[in-house]
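*Asks:* Start from the sequences, fold in the hints, and give me the full structure.
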Amino acid sequence: MLMSTSPNLDLALRLWPQVRDSGRVDDPAFLDALLATQGMPGAAAYEGGVSGTFACFPPAEVASFTLPSGEQTRDDEDARLLAHILVTRVLLGAGLHVDRRVQRALADAHAIIWTARGPLHASSLALATSLWLVALDPLQVSDQPLAIDWAPEMFQDPERWDLEYRLFSHYDIHQRALDWVAYASGAPGRHPGCSAWTVVEPLLRFEDQRAQIALGQFATLAARGEDEAPAMAAAMLDRARVEALLRAHLAAARS
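Residue numbers (the numbering used here): -8 to 246.
Keep in mind the hints are simulated off the structure, nothing from the lab. Note that this is a predicted model, so its numbers are computed, not measured. Worth double-checking, as some hints may not be accurate.
As the list claims (entries may be wrong) - Quick list of simulated restraints, FRET-style, between CB atoms:
1) His88 with Asp199: 14 to 22 Å
2) Gly207 with Arg11: 17 to 25 Å
3) Ala138 with Met31: 32 to 40 Å
4) Ala242 with Pro49: 24 to 32 Å
5) Ala225 with Gln135: 19 to 27 Å
6) Ser246 with Arg91: 39 to 47 Å
7) Gly177 with Asp90: 33 to 41 Å
8) Met223 with Ala138: 34 to 42 Å
9) Pro221 with Asp90: 34 to 42 Å
Beta carbons: idealized from backbone N, C-alpha and C, even for Gly.
*Replies:* Right, dumping it as C-alpha cells:
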C-alpha cells in the first residue's frame, strides 16, 4: 500500500519488511536508487547547507505522508526529516554501514535530532523512528566520534546548538536516545502523535537495561489501554504485530 506521493519513500517503505526481517534486499539496485537522492534539493535541512540527507520530496511540494503504523507527519519539515530517517534505516539494515554515504547520512540524522541544545526539537514520531538508526548502528556503544560536518549554516545558530561542544560519539547518541525513551515510557501522553508501538519495535533490539525497563513500562501502559488512538485496520494490524513481539520478548526475559 502506498503511503505517500514519493516513489523513493514508497520504495524505502516497501523494502523495509524484508530488510527488517532478514537484513537483505533481493536487488541491490534498489539501494543504489535510494543512495542517488543524497544531497539533492528537497532533502531534510538542505536549505541549511546539510548535504548528507536523502531527498524524497521536491522542494516546492508540501511534504506529508502516513506511516504503515498509522501516524501522520506533523508538518513539511517533519516529513522531510522522517523520510530521511526511513531511507537511512533501510540502507543501514541492509548492511551498508560501511558505505561513507550512509555513515554521513547517519551522522547528519543524529546531529539534527539528538545534539540540539536544550529541549529536543524533533517530533515524537521522528524521535521514535530514529531509534532504528541507533539500534542498527554496529558502533552504537562505541566511543568513536560521529563524523558530523558542523560547517553548514544550520549548525551555526547558538540558540539551537552549542557552538563550543561539537564532539559526539556513537555511545553519546545511544544514551541520549535512551534518555528520551525513559521519559516517553514514564507516563501516558509523553509521545504525542506517535504510537507506543512505534517506540517499542526498535527498542526491542537494544540490550541496554534501561531499554528493558522502558519495554516493561510500555507493556503496562498498553495493558491499561493508554496512549493509543484509533487507526485504520491495516495500521492496527501492524501495531498488533509489534505487541506480539513485545509479549514474546518479555516472556523470554522471564524464563
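*Asks:* Look at each hint and say if it fits the structure.
*Replies:* Results of checking the hints against the structure:
1. His88 with Asp199: 14 to 22 Å: holds (19 Å)
2. Gly207 with Arg11: 17 to 25 Å: holds (23 Å)
3. Ala138 with Met31: 32 to 40 Å: violated (20 Å)
4. Ala242 with Pro49: 24 to 32 Å: violated (47 Å)
5. Ala225 with Gln135: 19 to 27 Å: Roughly 40 Å apart at Cβ, these two residues miss the hinted range, so it is violated.
6. Ser246 with Arg91: 39 to 47 Å: Taking Cβ atoms as reference, Ser246 and Arg91 lie about 42 Å apart, which means the hint holds.
7. Gly177 with Asp90: 33 to 41 Å: holds (37 Å)
8. Met223 with Ala138: 34 to 42 Å: With Cβ atoms ~40 Å apart, the hint holds.
9. Pro221 with Asp90: 34 to 42 Å: holds (40 Å)
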